[in-house]
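Enquirer: Letter by letter, the chains look like this.
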Amino acid sequence: MKTPFLKAVGGIARKDLRIELRSRELVSAMGLFALLSILIFSFALELDRTARQEAISGVLWVTVVFASILGLNRSLAMERDQGNLDAMLLAPIDRVAIFFGKLAGNLVFALAVGLLLLPIMSLLYNQPLVRPWLLAVLGLGTLGFATVGTLLAMMTVQTRARESLLPIVMLPIALPVLLAAVRATTAILTDIPLEDWIAWPQILVVVDIIYLVVCYLLFEYVIEE
Amino acid sequence: MKTFGLLPALRQLDLTIQRGEFVALLGPNGSGKSTLLRLLAGLSKPTSGAITIGGWSLPDEAAAVRAQIGMVSHRVLLYENLSAHENLAFFARLYNLPTAGLETRIAGLLQQVGLSRRAHDLVRTFSRGMQQRLSIARALLHDPDILLLDEPHTGLDQDASNTLDELLRRAHADGRTILMSTHELGRAAALAGRVVILSRGVIGHDVPTAGLDGLELAALYTEVTSMASAR
Chain W
1 MKTPFLKAVG
11 GIARKDLRIE
21 LRSRELVSAM
31 GLFALLSILI
41 FSFALELDRT
51 ARQEAISGVL
61 WVTVVFASIL
71 GLNRSLAMER
81 DQGNLDAMLL
91 APIDRVAIFF
101 GKLAGNLVFA
111 LAVGLLLLPI
121 MSLLYNQPLV
131 RPWLLAVLGL
141 GTLGFATVGT
151 LLAMMTVQTR
161 ARESLLPIVM
171 LPIALPVLLA
181 AVRATTAILT
191 DIPLEDWIAW
201 PQILVVVDII
211 YLVVCYLLFE
221 YVIEE
Chain U
1 MKTFGLLPAL
11 RQLDLTIQRG
21 EFVALLGPNG
31 SGKSTLLRLL
41 AGLSKPTSGA
51 ITIGGWSLPD
61 EAAAVRAQIG
71 MVSHRVLLYE
81 NLSAHENLAF
91 FARLYNLPTA
101 GLETRIAGLL
111 QQVGLSRRAH
121 DLVRTFSRGM
131 QQRLSIARAL
141 LHDPDILLLD
151 EPHTGLDQDA
161 SNTLDELLRR
171 AHADGRTILM
181 STHELGRAAA
191 LAGRVVILSR
201 GVIGHDVPTA
211 GLDGLELAAL
221 YTEVTSMASA
231 R
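Those sequence lines, one after another, are chains W and U. Counting from 1, position 202 in the first sequence corresponds to residue 202 in the numbering used here; the numbering is continuous, with no gaps. Counting from 1, position 31 in the second sequence corresponds to residue 31 in the numbering used here; the numbering is continuous, with no gaps.
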């Protein structure tokens with residue numbers, strides 16, 4: 001009787017991508033914000049070359065996190081404001097399929113912004129950032145943020161102060177991801193031997209799994225009135 | 001019974017609707033109409049008591065119940081940046097409708113609601129009346145036995161309301177059970193076979209509309225709501 005889980009997840013994610021390809025509301029807002037952020041950081045750190053090199057991983061992740069928050073708010077607001085969340089809840093699907101469908105869309109948008117940032121930052125900060133390990137860390141870190149962010153945005157989007165509430169609620173919870181991602185990125189950019197920093201991507205994998213499981217278990221309670 | 005915190009929205013409600021009935025749900029704002037419809041749609045859980053729809057109980061068999069229900073709200077529950085066709089195709093996927101014959105089904109529904117020519121236009125370019133007609137098509141997409149309508153005429157002009165009435169008559173003639181909340185007493189008397197008047201979360205009156213005109217219904221409505229206000 002129920003719609004197969006993956007079919008529902010795929011349908012929701014595909015719908016979000018289609019809407020975004022048409023309107024370009026999310027990625028353009030996130031991309032513009034990210035671009036402005038790295039430019040401002042670049043100007044601010046211009047005088048001190050060493051500080052600039054050391055701050056690059058922090059700049060990257062702060063920009064990715066805040067751009068993601070911007071996208072998460074808008075992505076979930078679209079569902080709530082037009083009542084579409086109710087329309088999806090009326091369908092005979094596992095409710096958690098809504099979470100994974102929205103997560104897939106949010107992850108793609110956040111990754112797109114992250115991937116856009118790497119070559120631009122390489123130019124601005126004069127350091128090659130497009131490296132396989134950095135791409136892997138970017139993927140793992142973004143997955144962590146998108147997972148916890150999708151769940152929390154589903155909660156905060158019901159409040160009036162949703163724009164300001166999401167970062168306040170999300171940042172402390174996503175701190176382990178931010179910490180591990182920044183440490184791994186710094187290690188990759190300073191060419192430290194792999195065995196000295198491989199623990200950070202491993203921590204990211206574990207934290208991502210924990211977030212996915214906890215969000216899976218909590219989502220049904222979150223969308224209850 | 002349904003409460004929000006300490007505030008009771010519905011109390012001691014006992015309502016049975018037979019298959020194929022068209023029931024209008026009346027009552028002032030805050031009387032519990034939307035809450036009742038959300039409970040029946042499985043969007044909300046009762047604080048106490050039981051709900052059975054077509055032999056299935058809520059919330060335990062919610063997926064089975066949801067497959068039998070189509071809902072139309074005063075909010076259109078559509079994606080503005082998708083076309084009419086894309087909206088229906090998306091919801092068809094969520095309802096696991098077979099791909100074979102889906103295009104014919106969507107085309108048939110769009111024709112039924114008079115939107116065939118606008119099938120590939122974005123919903124945001126539609127008037128409120130057109131969006132509400134598409135909302136009806138979305139609700140009928142999976143051929144549900146039951147339609148729940150929460151003030152579907154809100155924001156519609158006279159022509160659009162009349163078109164919506166015609167669609168509802170057709171849906172009822174097809175054998176569907178319809179429960180519609182509305183503030184329009186004349187429309188309720190004209191469309192429904194039975195009227196339930198809610199006031200402060202309880203049923204004040206439950207009467208057939210046969211032989212009842214708009215004025216008599218208005219008198220009944222005033223009696224129920226003024227009694228509730230006096231309590």
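Certain hints may be false.
Stretch by stretch, here's where chain U covers chain W in the computed footprint (C-beta under 8 Å, at least three residues) [what the hints assert, rightly or not]:
no.	region
1	18-30
2	51-63
3	79-85
In short, the hints are calculated from the structure, not lab data. We put the beta carbon where it would ideally sit given N, CA and C, even for glycine.
Enquirer: Hint by hint, work out which the structure violates, then give me just those numbers in ascending order.
Expert: 2
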